[in-house]
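Model the full structure from these sequences, guided by the hints.
Note that our numbering has the sequence shown beginning at 1, numbered continuously upward.
Take the hints with a grain of salt, since some may be wrong.
Capping the alpha-carbon separation at 30 angstroms, the derived lysine-lysine pairs in DSSO-like fashion look like this [to be verified]:
{"id": "1", "residue 1": "406", "residue 2": "430"}
{"id": "2", "residue 1": "327", "residue 2": "345"}
{"id": "3", "residue 1": "197", "residue 2": "345"}
If you are wondering where the hints come from, they were derived from the structure by calculation, not from laboratory data.
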Amino acid sequence: MYKLSKYHEFEDISESEKLLFSTRTSNLLHISHDVFEHVQKGNFDQINEKVLFKLLSSEILVPEDEDEFSVIIENFKQKTSQKGKILNYTIQPTANCQLGCHYCGQVHEKINMDQNIVDQTFDYLSNILLNGEYEGLFITWYGAEPLLGIKGIRALSEKIIKFCDDNNIKYTAMMITNGLALKERIFEELVNLRIVKYQITLDGDEDSHDLSRYTKKKEKTFKIILNNIIQAAKNPIYDEKDCVILIRCNIHKDNYQSIDSLIDMLYETGISEKLTLDFAPVHDWGKNYAKDNLGLTPTFFGELEIEWYLKMKEYNFKFVKDVLPQKRAGTCMVTNKESELIDAKGRLSYCWETPYTPEFDNDESQLFHGDIFNPSDKKDRNDLPLGNWYEDIENENYGTTCRKCKFLPVCGGGCPIHWYKEMAMCPSFKYNFKDRMVLQYVMSKEYFGEAAV
1 MYKLSKYHEF EDISESEKLL FSTRTSNLLH ISHDVFEHVQ KGNFDQINEK
51 VLFKLLSSEI LVPEDEDEFS VIIENFKQKT SQKGKILNYT IQPTANCQLG
101 CHYCGQVHEK INMDQNIVDQ TFDYLSNILL NGEYEGLFIT WYGAEPLLGI
151 KGIRALSEKI IKFCDDNNIK YTAMMITNGL ALKERIFEEL VNLRIVKYQI
201 TLDGDEDSHD LSRYTKKKEK TFKIILNNII QAAKNPIYDE KDCVILIRCN
251 IHKDNYQSID SLIDMLYETG ISEKLTLDFA PVHDWGKNYA KDNLGLTPTF
301 FGELEIEWYL KMKEYNFKFV KDVLPQKRAG TCMVTNKESE LIDAKGRLSY
351 CWETPYTPEF DNDESQLFHG DIFNPSDKKD RNDLPLGNWY EDIENENYGT
401 TCRKCKFLPV CGGGCPIHWY KEMAMCPSFK YNFKDRMVLQ YVMSKEYFGE
451 AAV
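Given below as C-alpha coordinates:
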(Lines of atoms letter the chains of each structure in order from A and count residues from 1; the text may use other names and numbers.)
(Lines give C-alpha, C1' and ligand atoms only; values in the text may rest on other atoms or scores of the structure.)
Protein backbone atom coordinates (compact mmCIF):
# COMPACT_ATOMS: atom_id res chain seq x y z
CA MET A 1 0.00 0.00 0.00
CA TYR A 2 0.98 3.66 -0.21
CA LYS A 3 1.45 6.69 2.01
CA LEU A 4 1.68 10.41 1.42
CA SER A 5 5.33 11.36 1.06
CA LYS A 6 6.63 13.79 3.64
CA TYR A 7 8.57 15.48 0.81
CA HIS A 8 5.74 17.61 -0.51
CA GLU A 9 4.21 21.07 -0.26
CA PHE A 10 0.69 22.21 -1.14
CA GLU A 11 -1.23 25.43 -1.61
CA ASP A 12 -4.90 26.23 -2.22
CA ILE A 13 -5.68 28.21 -5.37
CA SER A 14 -9.47 28.09 -5.07
CA GLU A 15 -12.17 26.58 -2.89
CA SER A 16 -11.98 23.35 -4.88
CA GLU A 17 -8.47 23.29 -6.35
CA LYS A 18 -5.00 22.83 -4.95
CA LEU A 19 -1.39 22.81 -6.12
CA LEU A 20 0.71 19.90 -4.92
CA PHE A 21 4.50 19.83 -5.35
CA SER A 22 6.77 16.85 -4.88
CA THR A 23 10.26 17.81 -3.77
CA ARG A 24 11.32 14.25 -4.62
CA THR A 25 10.65 14.74 -8.33
CA SER A 26 10.05 18.51 -8.68
CA ASN A 27 6.65 17.80 -10.22
CA LEU A 28 3.91 20.38 -9.69
CA LEU A 29 0.39 18.93 -9.85
CA HIS A 30 -2.95 20.68 -10.16
CA ILE A 31 -5.51 18.59 -8.28
CA SER A 32 -8.91 18.86 -6.66
CA HIS A 33 -9.40 19.16 -2.92
CA ASP A 34 -11.33 15.89 -3.02
CA VAL A 35 -8.36 14.01 -4.43
CA PHE A 36 -6.06 15.48 -1.80
CA GLU A 37 -8.49 14.52 0.93
CA HIS A 38 -8.54 10.94 -0.37
CA VAL A 39 -4.72 10.96 -0.37
CA GLN A 40 -4.55 12.20 3.21
CA LYS A 41 -7.09 9.63 4.43
CA GLY A 42 -5.56 6.76 2.46
CA ASN A 43 -8.71 6.23 0.38
CA PHE A 44 -6.73 5.33 -2.74
CA ASP A 45 -9.57 3.23 -4.18
CA GLN A 46 -11.54 6.49 -4.50
CA ILE A 47 -8.97 8.00 -6.89
CA ASN A 48 -9.24 7.22 -10.59
CA GLU A 49 -6.36 5.28 -12.14
CA LYS A 50 -5.04 8.14 -14.27
CA VAL A 51 -4.74 10.49 -11.28
CA LEU A 52 -3.36 7.73 -9.08
CA PHE A 53 -0.65 7.09 -11.66
CA LYS A 54 0.30 10.80 -11.61
CA LEU A 55 0.55 10.75 -7.84
CA LEU A 56 2.73 7.66 -7.89
CA SER A 57 5.00 8.75 -10.74
CA SER A 58 5.47 12.14 -9.03
CA GLU A 59 6.30 10.31 -5.79
CA ILE A 60 3.59 12.16 -3.95
CA LEU A 61 2.55 8.64 -2.99
CA VAL A 62 5.30 6.21 -2.00
CA PRO A 63 5.39 2.66 -0.60
CA GLU A 64 3.99 2.54 2.91
CA ASP A 65 7.08 0.89 4.42
CA GLU A 66 9.65 3.09 2.67
CA ASP A 67 12.26 4.95 4.74
CA GLU A 68 12.17 8.05 2.58
CA PHE A 69 15.20 9.80 4.00
CA SER A 70 17.38 6.74 3.44
CA VAL A 71 16.18 6.44 -0.17
CA ILE A 72 16.94 10.10 -0.85
CA ILE A 73 20.34 10.19 0.83
CA GLU A 74 21.40 6.95 -0.88
CA ASN A 75 20.32 8.40 -4.22
CA PHE A 76 22.53 11.45 -3.56
CA LYS A 77 25.45 9.18 -2.66
CA GLN A 78 24.95 7.07 -5.78
CA LYS A 79 24.63 10.07 -8.12
CA THR A 80 27.72 11.80 -6.76
CA SER A 81 29.82 8.63 -6.90
CA GLN A 82 29.06 8.00 -10.56
CA LYS A 83 31.50 9.23 -13.16
CA GLY A 84 29.94 11.98 -15.23
CA LYS A 85 30.26 12.81 -18.91
CA ILE A 86 30.97 16.51 -18.36
CA LEU A 87 34.09 17.84 -16.64
CA ASN A 88 33.43 21.07 -14.73
CA TYR A 89 36.24 23.39 -13.74
CA THR A 90 36.40 26.80 -12.15
CA ILE A 91 39.52 28.74 -13.07
CA GLN A 92 40.74 31.89 -11.36
CA PRO A 93 43.18 33.56 -13.78
CA THR A 94 44.01 36.27 -11.26
CA ALA A 95 43.97 37.00 -7.53
CA ASN A 96 43.36 40.69 -8.16
CA CYS A 97 40.25 42.88 -8.38
CA GLN A 98 39.60 46.57 -9.03
CA LEU A 99 36.75 46.71 -6.51
CA GLY A 100 36.76 47.15 -2.76
CA CYS A 101 33.19 46.02 -1.99
CA HIS A 102 32.43 46.50 1.67
CA TYR A 103 30.98 42.99 2.07
CA CYS A 104 33.78 41.14 0.22
CA GLY A 105 35.68 38.53 2.22
CA GLN A 106 38.61 38.13 -0.17
CA VAL A 107 42.07 39.68 0.21
CA HIS A 108 43.33 40.48 -3.28
CA GLU A 109 46.87 40.20 -4.60
CA LYS A 110 48.43 41.44 -7.83
CA ILE A 111 49.02 37.90 -9.08
CA ASN A 112 48.01 36.66 -12.52
CA MET A 113 48.44 33.28 -14.15
CA ASP A 114 51.78 33.44 -15.95
CA GLN A 115 52.58 31.38 -19.03
CA ASN A 116 54.00 28.55 -16.94
CA ILE A 117 50.79 28.18 -14.94
CA VAL A 118 48.71 28.46 -18.13
CA ASP A 119 50.72 25.61 -19.67
CA GLN A 120 50.57 23.53 -16.51
CA THR A 121 46.82 24.10 -16.21
CA PHE A 122 46.30 23.00 -19.79
CA ASP A 123 48.41 19.88 -19.27
CA TYR A 124 46.50 19.06 -16.10
CA LEU A 125 43.07 19.45 -17.76
CA SER A 126 43.97 17.72 -21.02
CA ASN A 127 45.33 14.67 -19.16
CA ILE A 128 42.11 14.36 -17.18
CA LEU A 129 40.02 14.72 -20.34
CA LEU A 130 42.02 12.11 -22.23
CA ASN A 131 41.91 9.59 -19.40
CA GLY A 132 38.27 10.13 -18.47
CA GLU A 133 36.34 9.64 -21.72
CA TYR A 134 34.47 12.88 -21.21
CA GLU A 135 32.03 14.25 -23.76
CA GLY A 136 32.25 17.85 -22.63
CA LEU A 137 34.21 20.44 -20.68
CA PHE A 138 32.56 23.39 -18.95
CA ILE A 139 34.72 26.12 -17.46
CA THR A 140 33.65 28.94 -15.18
CA TRP A 141 36.08 31.88 -15.24
CA TYR A 142 35.98 33.36 -11.78
CA GLY A 143 37.90 35.72 -9.53
CA ALA A 144 38.73 37.97 -7.70
CA GLU A 145 38.02 39.68 -11.09
CA PRO A 146 38.83 37.34 -14.00
CA LEU A 147 39.13 40.09 -16.63
CA LEU A 148 42.24 41.40 -14.88
CA GLY A 149 43.78 38.11 -15.96
CA ILE A 150 42.55 38.26 -19.54
CA LYS A 151 45.97 37.43 -20.96
CA GLY A 152 45.78 34.05 -19.25
CA ILE A 153 42.17 33.59 -20.35
CA ARG A 154 43.16 34.15 -23.97
CA ALA A 155 46.14 31.82 -23.89
CA LEU A 156 44.39 29.01 -22.02
CA SER A 157 41.14 29.28 -23.98
CA GLU A 158 42.93 28.96 -27.30
CA LYS A 159 44.73 25.83 -26.12
CA ILE A 160 41.54 24.30 -24.71
CA ILE A 161 39.43 25.06 -27.78
CA LYS A 162 41.92 23.46 -30.13
CA PHE A 163 42.32 20.41 -27.90
CA CYS A 164 38.56 19.92 -27.51
CA ASP A 165 37.88 20.37 -31.22
CA ASP A 166 40.64 17.88 -32.08
CA ASN A 167 39.24 15.32 -29.61
CA ASN A 168 35.50 15.78 -30.31
CA ILE A 169 34.85 17.23 -26.86
CA LYS A 170 32.20 19.94 -26.55
CA TYR A 171 33.61 23.02 -24.83
CA THR A 172 31.51 25.82 -23.32
CA ALA A 173 32.25 28.44 -20.71
CA MET A 174 30.81 31.16 -18.54
CA MET A 175 32.29 34.07 -16.62
CA ILE A 176 31.49 35.63 -13.28
CA THR A 177 32.68 39.21 -13.56
CA ASN A 178 32.05 42.59 -12.00
CA GLY A 179 31.61 43.86 -15.57
CA LEU A 180 33.80 46.93 -15.14
CA ALA A 181 36.25 45.89 -17.88
CA LEU A 182 33.70 44.14 -20.11
CA LYS A 183 33.96 46.60 -22.99
CA GLU A 184 32.19 45.69 -26.22
CA ARG A 185 35.44 44.71 -27.94
CA ILE A 186 36.37 42.47 -25.00
CA PHE A 187 32.89 40.94 -24.93
CA GLU A 188 33.11 40.01 -28.62
CA GLU A 189 36.54 38.47 -28.09
CA LEU A 190 35.32 36.42 -25.14
CA VAL A 191 32.26 35.15 -26.99
CA ASN A 192 34.52 34.01 -29.81
CA LEU A 193 36.46 32.14 -27.13
CA ARG A 194 33.12 30.39 -26.38
CA ILE A 195 32.41 32.26 -23.16
CA VAL A 196 28.70 32.84 -23.74
CA LYS A 197 27.19 33.07 -20.26
CA TYR A 198 27.91 35.92 -17.85
CA GLN A 199 27.02 36.73 -14.29
CA ILE A 200 27.42 40.43 -13.56
CA THR A 201 26.54 42.14 -10.30
CA LEU A 202 24.45 45.28 -9.94
CA ASP A 203 23.54 45.96 -6.33
CA GLY A 204 20.44 48.06 -6.90
CA ASP A 205 20.12 51.37 -8.68
CA GLU A 206 23.01 53.76 -9.25
CA ASP A 207 23.05 55.34 -5.81
CA SER A 208 22.80 52.06 -3.90
CA HIS A 209 25.21 50.15 -6.13
CA ASP A 210 27.89 52.83 -5.86
CA LEU A 211 27.69 52.75 -2.07
CA SER A 212 28.75 49.10 -1.95
CA ARG A 213 30.52 48.26 -5.22
CA TYR A 214 33.16 50.92 -5.66
CA THR A 215 36.78 50.67 -6.73
CA LYS A 216 39.61 50.41 -4.26
CA LYS A 217 40.11 54.12 -4.93
CA LYS A 218 36.44 54.72 -3.95
CA GLU A 219 35.42 55.48 -7.55
CA LYS A 220 31.84 54.87 -8.71
CA THR A 221 31.17 51.95 -11.07
CA PHE A 222 27.45 51.67 -11.85
CA LYS A 223 27.28 53.71 -15.05
CA ILE A 224 30.30 51.97 -16.57
CA ILE A 225 29.00 48.49 -15.78
CA LEU A 226 25.45 49.20 -16.97
CA ASN A 227 26.73 50.67 -20.24
CA ASN A 228 28.89 47.58 -20.80
CA ILE A 229 25.85 45.33 -20.21
CA ILE A 230 23.71 47.33 -22.66
CA GLN A 231 26.39 47.29 -25.35
CA ALA A 232 26.90 43.54 -24.94
CA ALA A 233 23.18 42.71 -25.06
CA LYS A 234 22.63 44.88 -28.16
CA ASN A 235 25.61 43.44 -30.01
CA PRO A 236 24.49 41.10 -32.85
CA ILE A 237 26.83 38.40 -31.54
CA TYR A 238 24.72 38.17 -28.36
CA ASP A 239 21.77 36.60 -30.16
CA GLU A 240 23.90 34.87 -32.77
CA LYS A 241 25.75 32.86 -30.11
CA ASP A 242 22.78 32.49 -27.70
CA CYS A 243 24.48 34.50 -24.97
CA VAL A 244 22.95 34.98 -21.54
CA ILE A 245 23.62 37.73 -19.02
CA LEU A 246 22.42 37.11 -15.50
CA ILE A 247 22.32 40.19 -13.30
CA ARG A 248 23.10 39.22 -9.72
CA CYS A 249 21.81 41.49 -6.98
CA ASN A 250 23.42 41.01 -3.59
CA ILE A 251 20.64 42.06 -1.24
CA HIS A 252 21.22 43.69 2.12
CA LYS A 253 19.54 46.17 4.43
CA ASP A 254 21.11 49.19 2.72
CA ASN A 255 20.00 48.42 -0.85
CA TYR A 256 16.83 46.28 -0.91
CA GLN A 257 14.63 49.33 -1.41
CA SER A 258 16.45 50.18 -4.65
CA ILE A 259 15.87 46.88 -6.46
CA ASP A 260 12.52 47.96 -7.92
CA SER A 261 14.23 51.01 -9.35
CA LEU A 262 16.96 48.81 -10.88
CA ILE A 263 14.37 46.54 -12.52
CA ASP A 264 12.57 49.60 -13.93
CA MET A 265 15.86 50.97 -15.26
CA LEU A 266 16.82 47.69 -16.95
CA TYR A 267 13.39 47.51 -18.56
CA GLU A 268 13.73 51.06 -19.86
CA THR A 269 17.00 50.17 -21.61
CA GLY A 270 15.02 47.88 -23.93
CA ILE A 271 17.07 44.76 -23.15
CA SER A 272 14.99 43.15 -20.39
CA GLU A 273 13.98 40.23 -22.64
CA LYS A 274 17.67 39.35 -22.99
CA LEU A 275 18.45 39.43 -19.27
CA THR A 276 17.57 37.53 -16.16
CA LEU A 277 18.04 38.54 -12.55
CA ASP A 278 19.07 36.57 -9.51
CA PHE A 279 18.58 37.91 -6.01
CA ALA A 280 21.03 36.68 -3.39
CA PRO A 281 20.98 37.67 0.27
CA VAL A 282 24.39 38.89 1.39
CA HIS A 283 26.06 36.05 3.25
CA ASP A 284 29.15 35.45 5.29
CA TRP A 285 32.33 34.97 3.26
CA GLY A 286 35.33 33.80 5.23
CA LYS A 287 33.74 34.83 8.53
CA ASN A 288 33.41 38.49 7.58
CA TYR A 289 29.96 38.37 9.25
CA ALA A 290 28.32 40.20 6.34
CA LYS A 291 25.02 38.41 6.97
CA ASP A 292 24.97 39.41 10.64
CA ASN A 293 26.00 42.99 9.89
CA LEU A 294 23.98 43.66 6.72
CA GLY A 295 21.55 40.83 6.18
CA LEU A 296 17.77 40.79 6.10
CA THR A 297 15.70 38.17 7.88
CA PRO A 298 15.07 35.13 5.64
CA THR A 299 11.29 35.62 5.83
CA PHE A 300 11.48 39.26 4.79
CA PHE A 301 13.89 38.49 1.96
CA GLY A 302 11.52 35.74 0.76
CA GLU A 303 8.63 38.20 0.58
CA LEU A 304 10.70 40.72 -1.36
CA GLU A 305 11.97 38.08 -3.78
CA ILE A 306 8.46 37.11 -4.86
CA GLU A 307 7.59 40.77 -5.49
CA TRP A 308 10.68 41.12 -7.68
CA TYR A 309 9.83 37.93 -9.59
CA LEU A 310 6.36 39.29 -10.31
CA LYS A 311 7.85 42.51 -11.61
CA MET A 312 10.27 40.55 -13.81
CA LYS A 313 7.34 38.62 -15.24
CA GLU A 314 5.46 41.85 -15.92
CA TYR A 315 8.47 43.28 -17.75
CA ASN A 316 9.09 40.05 -19.67
CA PHE A 317 12.56 39.36 -18.33
CA LYS A 318 14.02 36.05 -19.35
CA PHE A 319 13.62 33.31 -16.74
CA VAL A 320 16.63 31.08 -17.27
CA LYS A 321 15.52 28.70 -14.55
CA ASP A 322 12.13 27.77 -13.19
CA VAL A 323 10.84 29.65 -10.20
CA LEU A 324 10.57 26.34 -8.38
CA PRO A 325 13.75 24.43 -7.55
CA GLN A 326 14.59 21.29 -9.45
CA LYS A 327 15.54 17.90 -8.05
CA ARG A 328 19.28 17.85 -7.47
CA ALA A 329 21.87 15.24 -8.32
CA GLY A 330 24.41 16.93 -6.04
CA THR A 331 24.99 20.03 -4.01
CA CYS A 332 27.88 22.00 -5.52
CA MET A 333 31.54 21.58 -6.35
CA VAL A 334 32.02 19.92 -2.96
CA THR A 335 29.97 16.88 -3.97
CA ASN A 336 30.81 16.85 -7.70
CA LYS A 337 33.84 14.61 -8.15
CA GLU A 338 34.11 15.86 -11.74
CA SER A 339 34.69 19.40 -10.53
CA GLU A 340 37.62 21.36 -9.11
CA LEU A 341 38.86 24.90 -8.77
CA ILE A 342 42.28 26.03 -10.00
CA ASP A 343 43.44 29.36 -8.65
CA ALA A 344 45.99 31.81 -10.05
CA LYS A 345 48.76 30.09 -8.10
CA GLY A 346 47.93 26.65 -9.49
CA ARG A 347 46.38 25.34 -6.28
CA LEU A 348 43.44 22.95 -6.29
CA SER A 349 40.38 23.30 -4.13
CA TYR A 350 36.80 22.02 -4.06
CA CYS A 351 35.17 25.21 -2.77
CA TRP A 352 34.93 28.68 -4.33
CA GLU A 353 35.39 30.34 -0.97
CA THR A 354 38.83 28.88 -0.26
CA PRO A 355 41.30 30.97 -2.34
CA TYR A 356 42.19 34.49 -1.20
CA THR A 357 40.00 34.16 1.91
CA PRO A 358 42.16 34.50 5.04
CA GLU A 359 40.12 31.98 7.01
CA PHE A 360 41.06 29.19 4.60
CA ASP A 361 43.95 30.53 2.48
CA ASN A 362 46.67 29.45 4.89
CA ASP A 363 48.98 26.54 5.60
CA GLU A 364 46.55 25.02 8.12
CA SER A 365 43.60 24.92 5.77
CA GLN A 366 42.41 21.46 4.78
CA LEU A 367 40.30 22.70 1.89
CA PHE A 368 43.17 22.81 -0.61
CA HIS A 369 43.92 19.28 -1.70
CA GLY A 370 46.86 19.71 -4.06
CA ASP A 371 48.17 21.64 -7.04
CA ILE A 372 48.51 21.29 -10.80
CA PHE A 373 52.28 20.82 -10.61
CA ASN A 374 52.16 17.54 -8.70
CA PRO A 375 48.83 15.93 -9.55
CA SER A 376 49.90 12.53 -8.29
CA ASP A 377 50.31 13.99 -4.80
CA LYS A 378 46.71 15.19 -4.55
CA LYS A 379 44.97 14.32 -1.32
CA ASP A 380 41.87 12.16 -1.47
CA ARG A 381 38.94 14.53 -1.10
CA ASN A 382 37.04 11.85 0.82
CA ASP A 383 39.58 12.23 3.62
CA LEU A 384 39.11 16.00 3.89
CA PRO A 385 36.37 18.08 5.54
CA LEU A 386 33.05 17.81 3.69
CA GLY A 387 34.47 15.07 1.49
CA ASN A 388 31.51 12.84 2.41
CA TRP A 389 28.82 15.48 2.56
CA TYR A 390 25.83 13.18 2.46
CA GLU A 391 27.22 11.10 5.29
CA ASP A 392 27.60 14.39 7.16
CA ILE A 393 23.90 15.07 6.59
CA GLU A 394 23.02 11.53 7.58
CA ASN A 395 25.00 11.80 10.82
CA GLU A 396 23.97 15.42 11.45
CA ASN A 397 27.60 16.54 11.47
CA TYR A 398 28.33 20.28 11.68
CA GLY A 399 24.89 20.72 13.22
CA THR A 400 23.04 19.90 9.99
CA THR A 401 19.27 19.59 10.32
CA CYS A 402 18.66 18.56 6.70
CA ARG A 403 17.49 15.03 7.42
CA LYS A 404 14.33 16.51 8.94
CA CYS A 405 13.66 18.93 6.08
CA LYS A 406 11.11 18.27 3.32
CA PHE A 407 13.18 20.35 0.90
CA LEU A 408 16.29 18.14 1.05
CA PRO A 409 15.81 16.61 -2.46
CA VAL A 410 15.77 20.05 -4.11
CA CYS A 411 18.39 21.61 -1.84
CA GLY A 412 20.98 18.92 -1.20
CA GLY A 413 21.82 20.46 2.14
CA GLY A 414 22.60 23.94 0.91
CA CYS A 415 26.12 25.31 1.11
CA PRO A 416 28.38 22.79 2.90
CA ILE A 417 31.03 25.39 3.74
CA HIS A 418 28.47 27.40 5.67
CA TRP A 419 27.57 24.40 7.80
CA TYR A 420 31.29 23.76 8.25
CA LYS A 421 31.69 27.31 9.59
CA GLU A 422 28.57 26.94 11.75
CA MET A 423 26.93 29.73 9.76
CA ALA A 424 24.33 27.78 7.82
CA MET A 425 21.87 29.63 5.60
CA CYS A 426 18.96 27.81 3.98
CA PRO A 427 17.95 28.76 0.40
CA SER A 428 15.42 31.54 0.02
CA PHE A 429 12.80 29.27 -1.52
CA LYS A 430 12.26 27.71 1.90
CA TYR A 431 10.62 30.96 2.96
CA ASN A 432 8.43 31.66 -0.07
CA PHE A 433 7.78 28.21 -1.50
CA LYS A 434 3.99 28.42 -1.64
CA ASP A 435 4.18 31.75 -3.47
CA ARG A 436 6.63 30.22 -5.93
CA MET A 437 4.21 27.36 -6.59
CA VAL A 438 1.44 29.80 -7.49
CA LEU A 439 3.78 31.88 -9.66
CA GLN A 440 5.02 28.78 -11.50
CA TYR A 441 1.42 27.70 -12.02
CA VAL A 442 0.48 31.09 -13.45
CA MET A 443 3.54 31.11 -15.73
CA SER A 444 2.77 27.60 -17.01
CA LYS A 445 -1.00 27.57 -16.71
CA GLU A 446 -1.60 26.45 -20.28
CA TYR A 447 0.14 23.15 -19.46
CA PHE A 448 -2.08 22.31 -16.49
CA GLY A 449 -5.63 22.52 -17.75
CA GLU A 450 -8.38 21.33 -15.43
CA ALA A 451 -7.62 20.03 -11.97
CA ALA A 452 -7.16 16.28 -11.67
CA VAL A 453 -10.31 14.88 -10.04
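Inset, instruction - For the pair we were handed, residue 327 and residue 345, check the Cα-Cα distance against 30 angstroms. - result: Violated, because 35 angstroms separates the two Cα atoms, which is more than 30 angstroms.
Inset, instruction - Take a quick look at whether residue 406 and residue 430 sit within 30 angstroms of each other, Cα to Cα. - result: holds, 10 angstroms
Inset, instruction - Quickly compare the C-alpha distance for residue 197 and residue 345 to 30 angstroms and report which way the hint goes. - result: Roughly 25 angstroms between the alpha carbons, so the hint for residue 197 and residue 345 holds.
Hint compliance for this structure: hint 2 alone is broken.
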